[in-house]
Every structure is written in structure tokens, then in C-alpha cells.
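Student: For the protein sequence lines, the chains are A, B, C and D, in the order given.
First residue of the first sequence: 1, per our numbering; consecutive thereafter.
First residue of the second sequence: 314, per our numbering; consecutive thereafter.
First residue of the third sequence: 627, per our numbering; consecutive thereafter.
First residue of the fourth sequence: 940, per our numbering; consecutive thereafter.
Derived by calculation from the structure, the hints in this document are not laboratory data.
Mixed in with the good hints, there may be bad ones.
[To be verified] The calculated SDA-like cross-link candidates involving lysine to any residue, where the alpha carbons are at most 25 Å apart (straight line), are:
| id | chain 1 | residue 1 | chain 2 | residue 2 |
| --- | --- | --- | --- | --- |
| 1 | B | Lys366 | C | Gln734 |
| 2 | D | Lys944 | D | Glu1038 |
| 3 | D | Lys1240 | C | Glu798 |
| 4 | C | Lys679 | B | Gly388 |
[What the hints assert, rightly or not] So these bits of chain D aren't anywhere near chain A, every CB distance computed over 12 Å:
| id | residue |
| --- | --- |
| 5 | Val951 |
| 6 | Ser957 |
| 7 | Glu1028 |
| 8 | Thr1045 |
| 9 | Gln1047 |
| 10 | Ala1049 |
| 11 | Pro1056 |
| 12 | Asp1091 |
| 13 | Arg1167 |
| 14 | Leu1186 |
| 15 | Glu1187 |
| 16 | Arg1191 |
| 17 | Ser1231 |
Heads up, the beta-carbon is just placed ideally off N, CA and C, and yes, glycines get one too.
There are 4 protein chains.
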Amino acid sequence: MRTIKQPNDAYVYTLGPSHPPIAKVAPGETVQIETIDAFEGRLRTDDDLYSQKCPGPPRANPQTGPIYIEGAVPGDSLLVSILDIEPAEPFAVTALIPEFGGLTGTTQTATLDAPLPEQTRILPIEEGEIRLSETIRLPLDPFVGTIGTAPDLESISSLVPGYWGGNMDCVETRPNSTLWLPVCNEGALFFVGDAHARQGDGEITGVAAEMSARVTVTFSLLKERRIRWPRIETSDYLMTVGSARPLEDAARIAWKELIGWLVDDHGFDSLEAYHLLGLAGEMRLGNMVDPSYSMVAKIAKRWISANRPTGDP
Amino acid sequence: MRTIKQPNDAYVYTLGPSHPPIAKVAPGETVQIETIDAFEGRLRTDDDLYSQKCPGPPRANPQTGPIYIEGAVPGDSLLVSILDIEPAEPFAVTALIPEFGGLTGTTQTATLDAPLPEQTRILPIEEGEIRLSETIRLPLDPFVGTIGTAPDLESISSLVPGYWGGNMDCVETRPNSTLWLPVCNEGALFFVGDAHARQGDGEITGVAAEMSARVTVTFSLLKERRIRWPRIETSDYLMTVGSARPLEDAARIAWKELIGWLVDDHGFDSLEAYHLLGLAGEMRLGNMVDPSYSMVAKIAKRWISANRPTGDP
Amino acid sequence: MRTIKQPNDAYVYTLGPSHPPIAKVAPGETVQIETIDAFEGRLRTDDDLYSQKCPGPPRANPQTGPIYIEGAVPGDSLLVSILDIEPAEPFAVTALIPEFGGLTGTTQTATLDAPLPEQTRILPIEEGEIRLSETIRLPLDPFVGTIGTAPDLESISSLVPGYWGGNMDCVETRPNSTLWLPVCNEGALFFVGDAHARQGDGEITGVAAEMSARVTVTFSLLKERRIRWPRIETSDYLMTVGSARPLEDAARIAWKELIGWLVDDHGFDSLEAYHLLGLAGEMRLGNMVDPSYSMVAKIAKRWISANRPTGDP
Amino acid sequence: MRTIKQPNDAYVYTLGPSHPPIAKVAPGETVQIETIDAFEGRLRTDDDLYSQKCPGPPRANPQTGPIYIEGAVPGDSLLVSILDIEPAEPFAVTALIPEFGGLTGTTQTATLDAPLPEQTRILPIEEGEIRLSETIRLPLDPFVGTIGTAPDLESISSLVPGYWGGNMDCVETRPNSTLWLPVCNEGALFFVGDAHARQGDGEITGVAAEMSARVTVTFSLLKERRIRWPRIETSDYLMTVGSARPLEDAARIAWKELIGWLVDDHGFDSLEAYHLLGLAGEMRLGNMVDPSYSMVAKIAKRWISANRPTGDP
């Protein structure tokens, strides 16, 4: 299995069509991608404060990529089956950073209040657990916070989630899931980074347990299969991810896309799908801290199999 | 066990301090409360449309109550342990009603778009399942949509959720959970209604599987224990419910209250609790359709037991 | 001209149908109503802090009323022509109060940030000017912050704006304007208070220049003329007031109601009115600090007179 | 006076650092810039529908630029004094376009409702007036909807407003105003387009009276004067522009920046400035239809001159 790493540690901070690809892969290929943590390895002790060690947005949230997928053209969907996410180091980092987070004034929800104190916390990873404090250990439960394709025409900060994926920060982009991303450029131009050892719903402090990682994925293509927003499929669930502010609009986008999926592929008409989700839909709060918020709409496959006129693509 | 029903079917449409109590109970008492469905029994066939059969807000969402709990005074918390919720009839009702719902223009998110077609659907309940269609049956999974105490001074439509509980429409108010509600008036003045046979996260059509029910609860009091927003406790979880628009404010309220609970009772300081929830918090979307939206913040007890300096109250 | 004052200084803190009327007036009658400032006269020096002197919500924002208008029945509109607003004392009061305001964490936009320092400022009123500081004097420009009718069934805190008027805090409810309010109860049940010596758009600190006042109004009725949200008419403008969160929903409500007015009374079809407002509509930010925010949509009469098939009602 | 036009009509659709400059100007230079309308001249009759004639986002809202300003380096502010905006053709265009606008479901406020009918309307411009219909003529009142500098690192759709300016769609960027923009790249890299013959507050249909234009501006630089968000200065007002969703966050950003300006340059402390804006601030709703909404906070210079310890820069 091939390993892909960012040449010269020249990580990128935008997802866009003009970065030269760092590697080419063929559909069906499984690769192990090396990612660096969201702080680019600069926070290594509790004394390393973000405002002192890191340049700040937009030179934040370093990504590995772009990876060029052969044969991918606009109008296709890129499928990324996430097989494994492994910490590359025996620790994760979390922090409180100025003007960022769910329960504090920010650059967007601007207030005159004094900010929370800045803080860095190194969290040792031992035996499949993350040590938060003397008394609290939480299971390692990794996923990738930022994963996407180059948008159409634009080159957007890796901190932002949107229709191209990006910084969705939703735990569902984890091993044993397949992420569908729209292809907007030839080669798809795939980026990944911001691996999390663990995160709560909403990523409410603004920062998860950030870690460098080895991310093993298999790429494949659904040719001429256009999607408007990212999708995630597991053995048990169909999911869609919407990103926007306010949070209810992120939810609306996700629900509407999920209804569309049920209509297009599972024989529903749109009001039937609306009722099904109204009674059996599930929603995961991805993040409520990034420049757009992300919500994941989910439907368990067992509720739709009876209705399916044809097989899944 | 005593049964409490609304005398003369004179259900109430506001939660407030001026309705005469329909019953008095003592703390520790278990009662079975009869509630009617959110349409007051008026929608019984698919031809019964809401706009024709029901008077509409604010004479909507009929509640049983108020029930006077002896010894309850402002500053106490009322604990409502929900033991059982049983359908009173062999069917539930769902509907699409004008200017209401998550994926349509509404009285608040006002648009010029033509509304969705109005619709009523009677859903038979058979053998622990709700029949949504020929091919789709969903498990019965009851909870109460509206449950609360009279607010302080105000008398508010039963359609609205807030600090007093009310129409939170979150599935967590279900059997095997204990709901904490603030006591703002002597006797607490408890109301309940709007039982749901089942509901998805968000209640996205605006209407769940509405049913008349028998709700078995035990009341108790935490004397001189003031809370600002409702809480829910189960064997495994501590939860708080925030209600507001936009949805991120409902989330903020819930998270902040949960941090407060961890600080007050579980030996955390507030930034430690912020980090714990940032890594291990969970969030349930209650509703994104009511005049205020509701979100439930949750922390699994297993993550906090190591940190607890004293026992639970 | 009759003077109406609150008997026994028993001001009310909710707008609702169950307060006994303090006076009856006939349509066409002009009365002078005495109102007390939003702090009920308790803040009289800079040392009088809100958290110490005032009980806080919901016993806040004292109103004079209700006034019963003879012949008013549900389905009518109550017209309140505001003739004059005069300070009752030679000063106004402004303040920074905890957890309230546009640029600070609040009970709804909940944060962990330390609050702004509490502050009271007495502002002398001299010769038609308000003295904000040694060097800054601003013209007296009075309006009423809270003005409305009893809602249907509910009894709602005077701090809240809504379809019944209430705490809209928009400067347009001033002398030489006529406010239209929906009649939801027999007698209309009119309330007024919270007079402001002056206020900026948005009331961004949370508090305007609050003053006790004498408010001179003439009441009249539009029989069988139902409106959904408040309206304001001046010699030059038609205006509607929407209240909601987030702020864009308050705007949508106001725009949609204004389109409805142009359609119902001025011969427009709805898309024509949409285009007219898109090119010539004006919007005033009322408040962005109250439990719901308020926005005023406005159209200058000179842009619609050519289109008017009949006269104004 | 030099005329600058886009070579080969190769308008650009993103504001970003990688487009080659089309011209270089020196600070102090006055130039006339030719811009094309937001539909790139493709809608010329009422039968030309947007969905048929235009490729849609992100190849929308064509901009003239970038213009390189000699001596501009990151950390400077670029001042753009707008002298004149003249229609280049005797008509403007407005339209209703699918999934766009303030009072309809959109790609962000996603609904299942049927969209409004698509529509194009050519509006003749005659004798300083725009003819909206047989009976309604509105004065020509031009401004530029999109005006900005290249952001730092990112290349963002011209449809989006933000800290770099962009598609703010606020009427204040008009003749006799000076716009301040942050310089994030060497040469500033200035873009302009989307001239409007006229627009109402909010641009509520989604589209103003769009026109091709000749925009006359003078560029100058404030060296080493960093600003976070755009500012506008006229003879009578200081203004700041915030862009975000929800709308209250756009307002918060604008108010906070204006407070910062009053503190930095006009001798205020921050709570004094907060009180001044609370009593005398004004707010203009720019747009409530673009991917971020824009609000303009304003303070009349006459209220601050007494407080000013030094002169204006």
C-alpha cells in the first residue's frame, strides 16, 4: 500500500483548484495518507500558546493534498472509503484560542466581553485512551475533521465547511464509512487533514483532540453522478452533511439533500420522505464553531429497505 | 394508582399561573395522567384537514393540567420521573399543516412561496409498531412533546418551549427518565400533553406521530434547588434542554446549563467542564419547528464519575 | 383632555387579557397617558445599579394599562395616533445591565465570558437635549418603546415584542405617527410604557435613554379590519413591524406584511410589490436586544400613489 | 483621466490574489472604470431568463479587475473615493432568479416549497429615472454592489461579501463616499462590478436594478493603517460594514468595528462609544440575500466632533 505525504511539509491552507497535485491515484486504489495536526505540530507542551506559536487564519489547519484521482471529471462523485485513522504520535492537543469557540464571543458573534483565557492542553494517548485529566480518560475515537475536494473556481480556507466538504468537523467521517464528495475539477483534487483523536458533538470549545495521523482510504468514482452536498454511507446509515449559518439552515440543507437521495435512489416521493424523516430521521451536530456550522442528517437503512425499488448504486 | 384526567375535557392551551388546578398530588405520589393528542382528537381520518377541523393557534396543543404538587414553592425543582407512556387509542396522527414545519415557509421564516399541500395521515398502531405506509413500519417509541410548569407571571402558549419546559418536543422526555422543572409558582402547576408515538430528531414536518395517551409519572421535589432551564436525568446521562432561535442559541443555553450542573454538583471548574463536553458531549436536536427551537446537551455519567467529589443529590 | 394614570402605581409587567382595565375610552377620544420609566423610577443616581434596585425579569418594564376601547372586538384594528410624548422628569436613565445587550453574552446567546461591568447613567434633559457626557449632547427625540394590545389568550412579558406590538423598541412609534394594532380581545386592552427620550437603531446596549412620560394619543377603530402584525402610518410612509429571531426572520415578516398591505389596499399584485420594495423599500432596525428582535419595513407613499386604484382606508 | 476596462471582456468571478492585474495605478490617481452588469449583458429583453442565459454560480457577477495600486502592501488601507457612477446603457435589469432572494426558499434556507416563477424585467432609464412599470418611476440612485480587494490567500466568489468588501450590496458605496478596504496583498488588487441603478434596503428580491456602468474613483493609501472590516466615510458620517449570517452577527461586527474606530481615532473609551451608538447610532440593512448578509453601522460626525482629541487621519 502506497503512503502519500506532503512534499517538503508544504501543507496547504486552502482547498482550491490551483495547487499542484502531490500524487495521482487510480480509482480502487488504497493509500495511506499522512496528515499533520491542525496546529501544524507547533503546540507540543501546555506552554505553547496558539497566539504565540501559530500564524493564525488563514494560514491555519494544514492539509495534505491535493491528490489527483485519475478519470475524475466534473459531474462525477468521488467516494472515499475511510478504512483506518491512526495517531501518528502518542498525544493529541486541545486548546482554547482567542475569539473562537461555541460559548464565547468570536469574530462573527462579536461582543465587547473580555475573552476566555487562552490555554493549551497536551493529552497523552495511551492504550486506546486519551487522558483528559488525572481522573478522566476517554476512548480514542478518531475521525477526520477536514476532508474535501477543490471547489469550483474558488479557493477557500481549510477552516470552512461547505458543499465541497472541507472543515465539517463531524465525527461521522470515520473508519467504516464512505464519504461522497462532488467532483468540481478534473482529478477531483482531494484534500485531508485535521484528524481528531476524539470530539464531542458541536466541537464546542472550538478545538477537538487534534492529532497528526495516518489516514487509510480507498478512492473510487461514481461516474456522471452529481451530488450537491457531501454524503456519508455506512453499512447501517445514509447521511448527508449541510453547512451554513444559522444552524437551522445547515440542518435544512442536510434534510433536503437526504430527501433528494431517498427520492432519486430509493423510490420515495418527496413528501413521503419528509414524513419518514419526520418520524425516524436522526441528526448529528457536527460543529457549531466554524465559519459555517455543519449538521448531519441520517436515516437508518432498515427503515428504507422495504421501499427500495432497485438496489443501491 | 390514581388516574388524573381533565375535567369536562376542558383542556388548556397555555401554561400559566391562573388556571385552577385540576388535582393535587403529594411528592412521592405516582399518578396516571390522561392526555389527548395535539389535535384534540379532531383528526380521525385522512380527510380531516387541520385547517378545517382545528381552530389553530393559540387554541392548539391541548394540555392536561395544571396539577398542584403539595409543598412546592418557587425556588424548588419539580422532579417528574416518567414511568410509562401508553397509547390511549390504536392509532397516531401525523399531518402537514399550513405555514408550519422545518422545510417550508412559515409565519416566522416568512416567504412568498406557495405552501406545501395540507395533508393528514392516520397511522395505525399495531403490535408495538406504527404503520407509516404499506411497506414501512416503525417501532412505537413514545415520549411527551409538551411537559412543563407554569412560568413566572406569564401565561404562554403550549406550542412554545422555554425555561419552564413546555413544547420542547425532544424525545428524551420518555419512560425511564426524570425531568427536572423549575418551580415558579406555589404548587408548581404541572402540565402535560402532546404525547408522541414516535418522532425523528427535529420533528421536521412540524408534526410527530401524535397520540392520546396515559402517562404514568411520579412527582418529587428538590427543595430549595433552583435551576434555570429544564434538566433530564437517566441512569446513564445528565442532560439539559435549551430553547431559543436561532438553533445555535438553543445549543448554547443547553451547553452552558450542563457546564453549570457539572460545576455545581460534580466538582468541575467551568473550563474543565467546557473541555469535557468539547470532547465527549452529545447533543440531541429536539425540534426545529416550534416558535423557539430546542436542543438537548448530554454527558454520559461514566465520563464524570471519576471526577465526582460527592454523591448525586 | 383626560389624563389616565395607573391606579396606585400598580403597573403591570405582562400584556394579557386578564388584567382589569384601568380606564375606558371611546374611539375618537384623545387622552394623555402617564407612563413610568422602564426601571419603575428606581434608578435615580449613577450609584443605583439595576441588579440591586430592580427585581429583574419578568417583573420588569412596567406598563400603564390596560385601557379598554369601547366597541373594539376581535377582528378590528386599533389605531393609535401618537400626538405627543413629553418627559415627565428632567432626566433620562441609561444603563448596562447583566446578561443583556447586543454586544455581550446574554441569557439566549449564552457564553462563558465574564460580563461587562454594570453601570447606570443619569442623563439630564435640558432645553430639548439629553446630556450624554461633558461634551456630547443629543437632541431629545422621544418615542414609546413598548406599546401594544393584549394578545389572544396569552399573557406575555412586557419585554417581548410580537404580533400584538409589545416591546418593539422601534423609534417609529413616535409623535405624528399612527400605530395599527390587532384587536384580539373585547375592548382591545391597550398598554403603553417604556418611553425613550432617544434611542439609536438596534438599542444596542440593551437600554435606551429611559424616561417617565406623558403620552398623548387618539384612539380610533378600523372595524372588521384584521391585520397580522403591527403597522405604522405617517404622512409619508407605510410601515410594518416584524419581530422574531434571527433578525432576518423579523425582516421577512415585516417585508411580507408590507407586500400584503400593498396588495390588499394599493392595487399591487404580490410580485410587483416585491420588486417595488426590492428597489425602493427601506428598513429600520428597531431592536436587536429583546427576546425577539424587531425590524420595520417602510415604503414611501410617493412611490405607490400612482398605483393606487382607490383611496386609503 | 484614464479609462480602465477588462481586456477581452475577460471578467473575473472571484476576488483573489492570483488573477493577473489588468492595470496599475498610482495613489492619488483618478480613473474611470468600465464595469458590466451582474448578468454580463446577457439579459437584454424580458424573455431572457437567467437560468437559460447565464451559467449560474460561481460563474456569476462579473468583476472588472484586479487593479494594482502601486505601493500598497499588506497592513495598509486602500481608500477608494467614489466620484461618479454613470449608466453605460439606457436601461437596467432586474429579475427573480431560482432559489435566490429574501422571501423565498434558497440553497441555504432550503425548503420543499415550489419556487417563485422566474422573471426578467428590463427597466428603461430615462431622464434620471428608472421606469419600473407604467405608473412607477424611481429616481436613479447609483452605487456599486461589489467592490473589494483580494482576500488573504483565498479566492472567493464575487457573490460573497466579507472583510475584503466584495458583494456587500449596500447603497452607501456611492458617489461622494470614500470606501476603506484592507490591503491583504501587494498592490491591493482592487475589483469592482455589479453596479446598481437603484436598490432598496436588503435587496430583497435578490436582484437590484443591475446596470453596466462607468465608475469614476480616486485611489489613495493609508500606509500602515490596518483595518479588519470595510469602512465608509462621507462628509457627515463614519460607517463600518459587517457581513455574516445570521443578520444579527453582521450587525454585531459592524457595531464593534465602529466602536473600535471611535476608540482608536476619536478619543472614546469603548463603553462610552457603546452608549453613544446605543443612543445615536444608525444602521443600514445592506443585503439579506447574499451568502453572507451585510449591515452598515453609522454615526453622524456631528455627534463625535466635540469628543475628538485630534484631527481625522
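Student: All hints, please: hold or fail.
Tutor: Hints, verified against the model:
no. : hint                 : in the structure
1   : B:Lys366 x C:Gln734  : violated, 36 Å
2   : D:Lys944 x D:Glu1038 : violated, 32 Å
3   : D:Lys1240 x C:Glu798 : holds, 23 Å
4   : C:Lys679 x B:Gly388  : holds, 21 Å
5   : Val951               : violated, 10 Å
6   : Ser957               : violated, 6 Å
7   : Glu1028              : holds, 27 Å
8   : Thr1045              : violated, 9 Å
9   : Gln1047              : violated, 5 Å
10  : Ala1049              : violated, 4 Å
11  : Pro1056              : holds, 20 Å
12  : Asp1091              : violated, 6 Å
13  : Arg1167              : violated, 8 Å
14  : Leu1186              : violated, 9 Å
15  : Glu1187              : violated, 8 Å
16  : Arg1191              : violated, 4 Å
17  : Ser1231              : violated, 9 Å
In the structure shown, a violation is registered for the earlier hints numbered 1, 2, 5, 6, 8, 9, 10, 12, 13, 14, 15, 16, 17, in ascending order.
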